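A.B. asks: So you can see what is in the structure, the chains are spelled out below.
There are 2 protein chains.
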Amino acid sequence: MSQELEGNCLIAQSGGPTSVINASLAGAVTEALNHECIEEVYGGLNGIKGILNEELIDLAEQSQQTIRGLRYTPASALGTCRFKLKQSQDFDRILEVFEAHNIRYFFYIGGNDSQDSANKISKLAQERNYDLRVIGIPKTIDNDLVATDHCPGYGSVIKYVSTLVREVSKDNEAMGNHDLVYVLEVMGRSAGWIAAGASLAKHRDDPGSPPHLIYLPEVPFSVDKYLEDIQRVLNKEKYCFIVVGEGLVDENGNYISTASASKDAFGHSQLGGVGDYLKNLAEERLGVKSRSATLGISQRSAAHCSSQTDNDEAFMAGAAAVKAAIDGETDKMVTLVRAEADQYLCETGLVSLDEVANGVKALPESWINEDGVSMNFNFHRYAQPLIQGEVEVPFSHGLPQFVKLSDNKVPKLLSAYEL
Amino acid sequence: MSQELEGNCLIAQSGGPTSVINASLAGAVTEALNHECIEEVYGGLNGIKGILNEELIDLAEQSQQTIRGLRYTPASALGTCRFKLKQSQDFDRILEVFEAHNIRYFFYIGGNDSQDSANKISKLAQERNYDLRVIGIPKTIDNDLVATDHCPGYGSVIKYVSTLVREVSKDNEAMGNHDLVYVLEVMGRSAGWIAAGASLAKHRDDPGSPPHLIYLPEVPFSVDKYLEDIQRVLNKEKYCFIVVGEGLVDENGNYISTASASKDAFGHSQLGGVGDYLKNLAEERLGVKSRSATLGISQRSAAHCSSQTDNDEAFMAGAAAVKAAIDGETDKMVTLVRAEADQYLCETGLVSLDEVANGVKALPESWINEDGVSMNFNFHRYAQPLIQGEVEVPFSHGLPQFVKLSDNKVPKLLSAYEL
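As given, the protein sequences belong to chains A and W, one line each in that order. Note that the first sequence covers residues 15 to 433 in the working numbering. Note that the second sequence covers residues 15 to 433 in the working numbering.
It should be emphasised that the hints constitute simulated quantities derived from the structure, not laboratory data. Keep in mind that this is a model prediction, so the values were computed, not measured. It is possible that part of the hints are untrue.
Where chains are identical, the list cannot tell them apart; a pair therefore holds if satisfied intra-copy or between any two copies.
List time: in silico EDC-like cross-link candidates among lysine to aspartate or glutamate, alpha-carbon distance up to 20 Å [as the list claims (entries may be wrong)]:
#	residue 1	residue 2
1	Lys337	Asp145
2	Lys137	Glu110
3	Lys98	Asp238
4	Lys423	Asp243
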């Protein structure tokens, strides 16, 4: 098909980790070792930052046990970063590192920002006539990448959150009218995908089962409606289970939060506190007892309760990226494609990095019920297959045993770079 | 041995639920059905409150599948309460209900407050010459009941918390110097048992592994020492993982919290906010990036990550209570007794309710290292056996399937009672 490109490959991970991002790494490494045109299989430490610093490790030297262990080890085994490539000299440096180590294949596992970085690196290489194949591998619990049916990482986070809803609501039910309103705050900066996913916990044959109310960034928040919603639930049920996405906004688009907003390196607001805000509101305005919990990072690292389907697809996406590059593709991201079939079937596809970079996929409004606080059957049909199957994390002495990559550093060939 | 007492038995659950309290219920029901002198096996709904209201259900009529399902279903299947028996007429009413339904065996699954209630009921029955056998079944994630080696519920909560420490710290490690200080707030009103239990996550061959700092209610909190502790960790490690018990106090015994304290029906302060307080302190005083999470109720209901050892012991304690009562014992609580043996072996014993009611077992100071923020080998040897084995919760369609008791109400025989 395409001309064979000989050289080394480099894989890096970026952005917030997930419980299956290492499965994608395992998929890419495993596939890369199948192809003779790939000589060395390197990992870049701490995302793009490690590449700038020429901090590479040898992934082919890792034991097979370690690579297998990546499939159930949460977070980014290579380390990650939230560093934005700003200056043109950053891009120059990356190509310099690539040339020095004869990197001809670059696989970047990440979300929107990372796919944007991969795109810019790819474009620069083309401008400079440096032969490089760049394939992005999707990753984000936020599920907000465009052009892919869903993102590796999403199925696991909603499986964990829905499991907790099932469990915690048993507690709420048992406590009767002691703790009336329970607020669970979940991640989701710009879209309500995770909060919506909690609706899978609802028993379809029992419309009164929790979660009772889901507050999404897609639906502007109104205090009056919130108080009415709770009262409507409490008229029928013993307690009210609320799930809220951290990115909830008011009608003017301002984040709802008790905390003051600060910004990260990409200019995104750092959120938090909306759960406490809703809890306080229920207590103060309705005089009911309320509790809140913030799962924080545990929701994106809960490998012990992750989805086998998600894990398999993450591995498949990593392998598909390498296959595509070998086939001559570049400047693309792997997508997950839902086959038109009676049963759920997922294949991989490819999309141009231009199309995916910095796009944000919103939760379809048509999947939200008219009440604004629950999901309809279309969402259920979409999300239900993604949480199927339980990853078996090996436990030893009562606790999960995870792996760590050994630190086989590739010797540096360039002088140090000032970040 | 003792004279045979014929009549009905009543089992109730009280206080905050755990992920194994229903295993104790299953143990008691299963054992009760073995004895012909027990005619009916009733469950009291919502703890002592349901008994006052004469809300009893027939447990013998439940399907065997349901009773088996209780073994992995979190929270109190009978419902629970935090209601304190205050007036003497409350106690009179309870005996009236017992007489009306010929209750001769009363098993109360709960913590300190509940054992105190059981004790008072037992004493009153003796005063009135009403033949009643009362046996308490220990339950509390707080592990603070006296006279028992440990409490059913504790092993599971520390297994879950330690699992999360293993997982979340992988994320912290991957994020490198982006989120330097991570604060996990766990339950524990008056003792640091749960926070201490998180130390099991530490790899014994790697003293630098997380959790790095554990703040316990037993060690008065000092801001200066806290800041020094963090700096000491960050001098050596990439990040600092902190676990804090919600009951942390300053040198004057005042709770450390950003939230204002309110009190529950027993006069205990409702805590929360210490995690956020520590997070803010690290950010403001050290200028480092920090995150916090509050697990809340999920930690005591996480059946999907509960300890098989804990579950087995909870079942055994329930069964042992019934056996003891049949043997003529009354006015006692079942204890868990650690056998003097090379390998961990747990048996049941009995202790007078007088001794256990309202006592609080402190974490031994000799198990805390001199630095005040880590646990020594004595704690490890104590806690390690309690988290062994993984309860297999059945998952269906990607989520755990729990059971619900069917609502076979026992007809009321008395007029309504005004609570």
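A.B. asks: Just pull the numbers of the violated hints for me, sorted ascending.
C.D. replies: The structure conflicts with hints 3 and 4, although it agrees with all the remaining ones.
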